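The sequence shown lines up with residues 1 to 187 when you count with the numbering used here.
Hint data in this document are derived by calculation from the structure and do not stem from the laboratory. On a predicted model such as this, the values are computed, not experimentally measured, just so you know. C-beta: ideal position from N, C-alpha, C; glycine also. Take the hints with a grain of salt, since some may be wrong.
With a straight-line Cα cutoff of 25 Å, these simulated DSS-like cross-link-like pairs (lysine-lysine) come out [unchecked claim]:
| no. | residue 1 | residue 2 |
| --- | --- | --- |
| 1 | Lys169 | Lys122 |
| 2 | Lys122 | Lys150 |
| 3 | Lys111 | Lys142 |
| 4 | Lys40 | Lys169 |
| 5 | Lys71 | Lys142 |
| 6 | Lys40 | Lys111 |
| 7 | Lys142 | Lys40 |
Quick list of the computed label-pair ranges, beta carbon to beta carbon [to be verified]:
| no. | residue 1 | residue 2 | range |
| --- | --- | --- | --- |
| 8 | Asn57 | Lys142 | 40 to 50 Å |
| 9 | Ala59 | Pro37 | 28 to 38 Å |
| 10 | Gly168 | Ile58 | 10 to 20 Å |
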Amino acid sequence: FVFFTETATQAKIYEQAPVVSDSISDGPELQQPTVVPLSKLLREGPKANWIWGNDNNIAYTLSQTFETNAKQARVIATCDNQMTVFLNGQQIAASSSWEVPIETDVSKLLKSGHNVITAKVKNAGGIAAFSFKLIFLDTNGKPQYVVSDKNWVATKGDQKPVPVAIRGKMGDGPWGNVFAQQDSGRV
Numbered sequence: 001f002v003f004f005t006e007t008a009t010q011a012k013i014y015e016q017a018p019v020v021s022d023s024i025s026d027g028p029e030l031q032q033p034t035v036v037p038l039s040k041l042l043r044e045g046p047k048a049n050w051i052w053g054n055d056n057n058i059a060y061t062l063s064q065t066f067e068t069n070a071k072q073a074r075v076i077a078t079c080d081n082q083m084t085v086f087l088n089g090q091q092i093a094a095s096s097s098w099e100v101p102i103e104t105d106v107s108k109l110l111k112s113g114h115n116v117i118t119a120k121v122k123n124a125g126g127i128a129a130f131s132f133k134l135i136f137l138d139t140n141g142k143p144q145y146v147v148s149d150k151n152w153v154a155t156k157g158d159q160k161p162v163p164v165a166i167r168g169k170m171g172d173g174p175w176g177n178v179f180a181q182q183d184s185g186r187v
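Make a model of the complete structure from these sequences and hints.
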């Protein structure tokens, strides 16, 4: 048999304040990289073109594919007159006001590897044009861009895709540089 001589009320309680020691490094001190917001980088890089199919009076589906392993991406887009834009089948933007481009984060919709941008566009009269710009950071942190350009294709209905018609560069009239606006329709 073992007998205890202390009762629970007689037990000693010890208290000590936590102490944090300085860390020690064996190598050079690491500098945190400067992080530039994607919305700022979106205004830099290559200029997007204004694109459409060959006929102003036809509704088109404009599309482009790209490859990436990026985890972060941001888009800005506008259309004279109506657009609904998709990334990998998920709607990312819709507008009927070309004067106020839509800007949004699309990071959660990126896939590792093959990605597809699709824009369903329609004109309400006069000249028709769509403009798009996406930025993502590659695995080295370098900005990469996908812009509306000659590499996009236009499809009307069930017909075979054809190269888009370039209507101008961002900044050209009659639209001007609407992507430079600080008060875009951010989402």
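Cross-check of the supplied hints:
no. : hint                       : result
1   : Lys169 x Lys122            : 19 Å, holds
2   : Lys122 x Lys150            : 19 Å, holds
3   : Lys111 x Lys142            : 18 Å, holds
4   : Lys40 x Lys169             : 20 Å, holds
5   : Lys71 x Lys142             : 13 Å, holds
6   : Lys40 x Lys111             : 23 Å, holds
7   : Lys142 x Lys40             : 14 Å, holds
8   : Asn57 x Lys142: 40 to 50 Å : 41 Å, holds
9   : Ala59 x Pro37: 28 to 38 Å  : 35 Å, holds
10  : Gly168 x Ile58: 10 to 20 Å : 19 Å, holds
Of the hints listed earlier, there is not a single one the structure fails to meet.
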